[in-house]
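Engineer: Here's the letter readout for the chains.
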Amino acid sequence: MGNFDLLMHGFGVAITPMHLLLMVVGVLLGLVVGVLPGLGAPNGVSLLIPLTFTLDPTSAIILLSSMYWGALFGGSTTSILFNIPGEPSSVATTFDGYPMARSGQSTRALTLAFMSAGIGALLGVIVITLLAGWASNFALRFGAPEYFAVYFLAFAAFIGMGSASPVKTVVALATGLLLASVGMDNVTGEVRLTFGFSDLLGGISFLVVVIGLFGIGELLATVQEGLSFRGVSSRIDLRDVLRTIAELPRYWATSVRSGLVGIWMGITPGGPTAASFMSYGIARQASRKGQAFGTGRPEGIIAPETADHSAGTCAMLPMLALGVPSSATAAVMMGGLMIWGLTPGPMLFATKPDFVWGLIASMYVSNVIGVILVLLTVPMFAALLRIPFSIIGPMIVAICFVGGYTVSNASFDLWLVLLFGVVGYLFTRLDYPLAPLVLAMVLGHKAENAFHQSMILSDGSLSVFFSNTLVSSIMALGLALLILPKLLHLGGRLRRRQPVE
Amino acid sequence: MTVRRFHAEIGTAIGTGAIGAAAVIGATELGYGWEESGPQSGYFPFYVGLILIAASLWNLVAAFVKHRRPALDDAGIEAPFLDGERLARLGGFLAAMLAFVVATLTLGIYVGATGYIAWNTWRKGGYRVPVALAIGLGFAAALYIIFEVIFLMPLPKGPIEPLLGIY
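Protein chains in written order, with the working numbering: chain B, 136 to 636; chain D, 883 to 1049.
Take these hints with a grain of salt, some might be off.
Restraint ranges, calculated between C-beta atoms of paired labels, are given here [unchecked claim]:
hint: 1; chain 1: B; residue 1: R237; chain 2: D; residue 2: E967; range: 22 to 30 angstroms
hint: 2; chain 1: D; residue 1: V885; chain 2: B; residue 2: L511; range: 29 to 37 angstroms
hint: 3; chain 1: B; residue 1: I618; chain 2: D; residue 2: E911; range: 28 to 36 angstroms
hint: 4; chain 1: B; residue 1: A615; chain 2: D; residue 2: I1032; range: 46 to 54 angstroms
hint: 5; chain 1: B; residue 1: M319; chain 2: D; residue 2: E917; range: 12 to 20 angstroms
hint: 6; chain 1: B; residue 1: G627; chain 2: D; residue 2: E917; range: 42 to 50 angstroms
hint: 7; chain 1: B; residue 1: S422; chain 2: D; residue 2: E967; range: 40 to 48 angstroms
hint: 8; chain 1: D; residue 1: I1028; chain 2: B; residue 2: L622; range: 46 to 54 angstroms
hint: 9; chain 1: D; residue 1: G1047; chain 2: B; residue 2: G331; range: 34 to 42 angstroms
hint: 10; chain 1: D; residue 1: E918; chain 2: B; residue 2: S598; range: 19 to 27 angstroms
Selected chain D positions facing chain B (in silico; Cβ < 10 angstroms) [claimed, not checked]:
hint: 11; residue: L934
hint: 12; residue: F963
hint: 13; residue: G974
hint: 14; residue: G1007
hint: 15; residue: V1011
Take a look, some chain D residues computed to stay more than 12 angstroms from chain B by CB distance [said to hold, decoys possible]:
hint: 16; residue: E917
hint: 17; residue: F946
hint: 18; residue: H949
hint: 19; residue: R950
hint: 20; residue: P952
hint: 21; residue: K1006
hint: 22; residue: P1012
hint: 23; residue: I1042
hint: 24; residue: E1043
hint: 25; residue: P1044
hint: 26; residue: L1045
hint: 27; residue: L1046
hint: 28; residue: G1047
hint: 29; residue: I1048
Think of the hints as simulated: they come from the structure by calculation, not from any bench.
Quick reminder that beta carbons are idealized off the backbone N, C-alpha and C, glycines included.
Isolated chain D (complex conformation) (with noise of 0.2 angstroms):
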């Protein structure tokens, strides 16, 4: 499967429109028009939606007519965004951070660093189990040293951290 440019195009513009569309929306709401004090405060969002989405709706026509016309196609519309080997490995990556998001939220910022690391340092890096693991609690250790000691800045924890006398 590959992706070209010209999908990642068109998905943009319409993801920066609907940005756009949201805010006229929300702007509305509030009202958009003046009052006695000067300017109501859905009228600056609404504006700038308003250009957001004519900018969006550009961006969208320009990419279908390099796509129909590829005379004046100056971008390589057509050229390949993602082929199948790139999508796996930034999809990959990618998961593995959701999954970092996830228990990072649920198990803590130690846990869920310490598991990151070590499972892509064992998948990725080919290092051996008990290696990886010892670099992911090590990076762990140094994040708690840095910032929970040296600056008392708390970082989020889970249900494991108390068990140890962490808190």
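Isolated chain B (complex conformation) (with noise of 0.2 angstroms):
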């Protein structure tokens, strides 16, 4: 069968009453996650895939991932009302989408973001639809060294390309990697660095984990700014709405060119919040002379929307051929997929086509209802930010520590999200990355395992990760990533600082 035969099939799995009504659930839940500040997108799907264990996993995975694009929305709209960033990843469009807003224009600004985020995603998901049969038959080639292989590649992306610092981006992905192999090895049976406590016997799980550095961490930081909101008025007309869908079709230049940068960084582990800014930038040099950047542009909300959805969307493509996610939230997503007994990987393909093919259909469906919901309910949503932090805080630390306990009904896991929140609140006010945590967290024990494969195919010499051409070439791919853009950088850096001197 090909693609296309598949992908109608995946279409008569998601759309029944039940997915349907599983996406709209999922939009809305994503949008007050969204919204929220303190709760975000890796976090909120962390709450709530304790809540899947009595679905079935395709219904659960319809669910986590609509509720993932409602966040993307959310996140959008609280940059363009509230000048907050309701998700990293909208960082951007508060450059241009906050003028435009507080210039009386915030339904152009809403609709503007709205559409080109649908764009993105649409952009992305064809994207996957072509191209998944072609990763997964690739991927079935990989052995265990090839898979150690990609693993490293996944980590040495995030050292090299990330924009943090890459010492600081080592320390992330050690710490997660060494949090991952607390408690019984799956590969010799020994319990392992739980230094006689009994209840970190089972593990640290990285839901908790994820809870407490995103959730509660966030929220720290909110509160130490003493945050107060000040919002424009949020009422959509339809009229407007109708006018700036029709103005769009002008700035397809920008919107193909942000797709096209969102699809990349999303393949590649540079996840949508790098997607955004950078789209952002390409935008604003590509641009000829009118009205300036940051004072409400059209482009500038457009370019990082359509980027920032299209790298969401296509980081479920690595994840689910490779098991590789490329961001925190596709990386919480497939530990759920383990939870649920499903390995992601070629074999996936092989033997869920229900499973993968339901989802790439649901990501066409749940974005048209994204878009639907969230310029329904936008003035709803944006009352939120109207209750007074001193109450809505709270609630939200409630529920990270009641999400928290459901993930294992474990008290000791209180402990770990008051821990790790504020870890996260160090690592976030220091500039150390999170997500590499969360990704070495999730891979940690199959980057280990096969490692440990590959060492005793080989006897344990090194030389098995440049045995053959698929395996060296990803290897050196890693090293290129892990070296190459900081060698770069400071070679620039030296060069320009020559006529200086």
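Can you join these two chains into the complex? Each is in its own frame, and there are hints to help.
Structural biologist: Below, the structure is given as structure tokens:
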């Protein structure tokens, strides 16, 4: 069967009354999570995972992915109306979105953002549809050394391409790998790094860590700023919506360019946040004369939003086909997959076509539902931010702790949530990236297993990672990603410095 | 009292280094060498721990270098990390959260959440006590309905719930 037939089959799976209802619920929950500061997509999805244990995996992933799209939409809403990015990936949207809303064109700004977000997501899903079959066939040729090489590539890309200091990224990755290795070792069956604490025997759940790092950590950052919300009017006028949709085709070049940036950053582990900034930067450089960027220029909203959403959707492809998520939220979802008893990777496409293609088809449907729902409900959700922080803040805290508890009904996890909340706050303030830590926690076991098996294959020689063309080229690419970006950066700095001296 | 970024960088680097050291110590107890069937179970944590120690040392030294030679400072190492006002705000919030966790572990989540939210609404939000209590109780009731009734997931309970007939 070709990809198209599989996709049609997927639509058959995705479009049932139950799944459509789950999409609506997911998008609405995502909007709440995206709008509220302190609740973002990664920990929103973490909070929801324990509640999905009663659903079948296809319904569960449809609910979780719809929540992710909703959170992306919600993040843009607060960026535009309140100048507060609800998600890190919607920071770039504040640059032009808030000024446009301030000048009385909030409907136009929101419509531009939502429509380009929808377009970006659709571009991303189309790419996934086209590449899915190819990517899974490619990944079928992988053995243990190749898998380790791919994990190495993902870690290297975070170190080399991330915006944070490379050494701090290494710290985050290594911490995540060590946290993952606490508890029972699933290769040798030995208990590791528990230091006699029986609470640690079962290991440290990455869901609990994510809830602490992203939920409590972000709230602490909000509290220390003594945040007060100052919003602009959020009424939506239908005529303005239609007029704005009519002006969209004029910006087709920006949309296509931003979509491509997002797709590239989504498939390679750059992530949505980097994609939106990069796309904004490119749009600013490519713009001809006219109103300056930062004062409410349409391209300044279209570029980051399109890239953000196409990167968000494309991050699902490496997660499904290789088992390597390229964003924190995709990492959490992949952890969910493993909890439901599915193994992400090429075999998933062969053994669970309903799941994979149902998910891909649902992305088309739920993004369309998302655009419509968000336009209808924006005033309601914006009102959430008018609730005083002294009420909503503690409620988010309580929800985070309850969510941490429900992961495995362990009281000890409450302490972990608190501990990682403080860690998350410190790491964010000191520019340690959090996404690599989550990625390393989810991939830790798999990376170690792949390494272990490769070492057994080769009798302990590292040369196994350069034993054939496929694995050597992945390792070489990883090493290049690790070293080249910083070298180029350093070279550029030295060259600039010379004329001054 | 003001905490500078310098202090926070140093503290965090020492903390992450300590995690690395703990991993290395734990791994040496398990054995990090090779045996017939491949690497021993401490092998992976041992080397990752070493990498973490090295990276933490680098961050520690980098913070000191920037502290001594301000010309190399690009991150504002001497900038205040937390001034007195923010420290007080953050400390108050954390203390309330700690009290909430302790209350949840001893008295159950419903009592803990009601008290925590009511206290914040009353003291920080400036609402009257009855209103604050009503908001707290409403939140606890919502938790009960969503988790225990709809999703059938038991939440931690204390000595009070059985008296009300809730198990």
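Engineer: What hints, given by number in increasing order, does this structure fail?
Structural biologist: 2, 15, 16 and 21
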